[in-house]
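Participant: Position chain B relative to chain A; hints supplied.
In the order they appear, the protein sequences are chains A and B.
Its first residue numbered 1, the first sequence is counted upward by one per residue in our numbering.
Its first residue numbered 232, the second sequence is counted upward by one per residue in our numbering.
Just so you know, these hints were derived from the structure itself, not from any lab.
C-beta atoms are modelled at their ideal positions from N, C-alpha and C, and glycine is treated no differently.
Some clues are possibly wrong.
[Said to hold, decoys possible] Pair by pair, the computed Cβ-Cβ distance ranges are:
hint, chain 1, residue 1, chain 2, residue 2, range
1, A, Lys51, B, Asp245, 57 to 67 Å
2, A, Glu12, B, Lys430, 20 to 30 Å
3, A, Ser133, B, Lys351, 20 to 30 Å
4, B, Lys429, A, Lys92, 32 to 42 Å
5, A, Met168, B, Asn470, 23 to 33 Å
6, B, Pro320, A, Glu144, 58 to 68 Å
7, B, Lys324, A, Glu193, 50 to 60 Å
8, A, Thr211, B, Pro316, 37 to 47 Å
[Claimed, not checked] One side of the interface only, derived from the structure: several residues of chain A facing chain B at Cβ under 8 Å:
hint, residue
9, Ile44
10, Gly61
11, Lys92
12, Tyr126
13, Ile222
14, Met226
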Amino acid sequence: MDKEESSFERKEIVIPGQWIGEATRPVAPENTFIEGRNVYSAVIGLLYRNKKSFKVVPLKGRYLPRVGDIVIGKIIDVSPLMWVVDINSPYKGLLPYEKVSRERKKMFNHYEVGDVVLAKVEVFNYTSNPILSTKERGLGKLSEGRLVRISPAKIPRLIGRKGSMISMIKKETGSEIVIGKNGLVLVRGGNWEKENLVAEIIKKIERESHTTGLTNRIQELIREKMGLKGD
Amino acid sequence: MSYFFRKEPEKLIDENGKRIDGRDLYELRPIKMKVGVLKNANGSVYLEWGENKVLAAVYGPKEIHPKHLSLPTKTRLRCKYSMSPFSTPERKKPGPPDRRSIELSKVIREALEPAIFIEKYPKTAIDVFIEILQSAGGTRTAGITAASVALADAGIPMKDLVSACSVGKVDGKIVLDLNSLEDMYGEGDMPVAIMPRKKKITLLQLDGNFTREEFKSALKLAIDGCMKIYEIQREAILNRYKEQKIDLI
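Same shape as in the complex, but just chain A (with noise of 0.2 Å):
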């Protein structure tokens, strides 16, 4: 699966409805259709090609919370049986008590309104709204750090491929990244200048999502930033 991604070459701009190729299997590929033997793009994104197949990138959209996603949130509300978490999505997300904590005890003052939280898409299914869950492992409260917000779309350009961009960003800088599949990301770098930056990075990813080079230029962008501030 890796080599095959790996393999993907950058093509062109597709628009919704623009047609991209024939159709080799009978259910579409992601931000796609098919009608006939043709599938066509369904919006505003990067076609990547390579022999055998092809995928659409969409440049922007909302989030649409999947199964087993890590995701950023915020408490909106409490009521006796859950939290209410906003997630950046038409879809709020719902945190009972039994999903936080086995303590029944603690629960109810485990979260305050204000809160952000990291947590996992544990249900979702269209008929409710998202069950979230921190009872993992690393998920919970998130009480230190700088929250950056863009467009979920460009959360896998901020990955990178195999995780490339965020591994050197937080090589380069030295700083702590969490990312929330819904377009939050949390930076802690240890000093207000750092955080800053990279901050500022991520926006500049965010923007300039769709170039290529990208991870270089980045690349080059730190360092001399890290050298400026070194004098």
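Facilitator: Relative to the frame of chain A, chain B by itself:
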């Protein structure tokens, strides 16, 4: 503002076959389109079509309020067409939508809806706002053209864009893309919206008397016009994502 405030002319088409604003019979007005002009909207378009100036904004898909309007399997598309008080030569009285605006909101919604995969985001709403800043004939077609690009710009999955333009009968001749004077003093007006890939018609209205032959040629002309509009829409979208290297950092 060349012909914008003029009184009724004697002739709408002169002896050389040129129209009142110097166009040929089958010529569109100049069109400029800019995508992504509003920061807080999910998708937006500013369109100048001749002397029409239209701003279209799309918000969503988002949670629907009031909750009882939600559809269990579909997105609810809501459109609002409105004319600014300063958009017409005579100042329009501000206030709630009038009959005309309500009707246009409805026909625009029905023109756009077939192009959207509304089953992709059940229980949500997509809001489309079309604001006419300056009107000079054919604002509904300009609104549809702008709104469909704004929908695409919002990242909403669509089967196709929707392109629209009007045709009409002026001095007994079928002409493309009526301006305000031809609209007011002409003999007929027919706005058409299509989904260009399969040339499926999503809006067709007709005001005036056309013979069967006139209607046929008018419809053909309108579809040709829409295909030209489609190219402009396409250009506008691609222009937004041209290799841009902004160095704000």
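Participant: A separate judgement is required for each hint: does it hold in the structure or not?
Facilitator: Tested hints:
| no. | hint | verdict |
| --- | --- | --- |
| 1 | Lys51(A) x Asp245(B): 57 to 67 Å | holds, 60 Å |
| 2 | Glu12(A) x Lys430(B): 20 to 30 Å | holds, 24 Å |
| 3 | Ser133(A) x Lys351(B): 20 to 30 Å | holds, 25 Å |
| 4 | Lys429(B) x Lys92(A): 32 to 42 Å | holds, 37 Å |
| 5 | Met168(A) x Asn470(B): 23 to 33 Å | holds, 31 Å |
| 6 | Pro320(B) x Glu144(A): 58 to 68 Å | holds, 60 Å |
| 7 | Lys324(B) x Glu193(A): 50 to 60 Å | holds, 55 Å |
| 8 | Thr211(A) x Pro316(B): 37 to 47 Å | holds, 43 Å |
| 9 | Ile44 | holds, 5 Å |
| 10 | Gly61 | holds, 3 Å |
| 11 | Lys92 | holds, 7 Å |
| 12 | Tyr126 | holds, 5 Å |
| 13 | Ile222 | violated, 10 Å |
| 14 | Met226 | violated, 13 Å |
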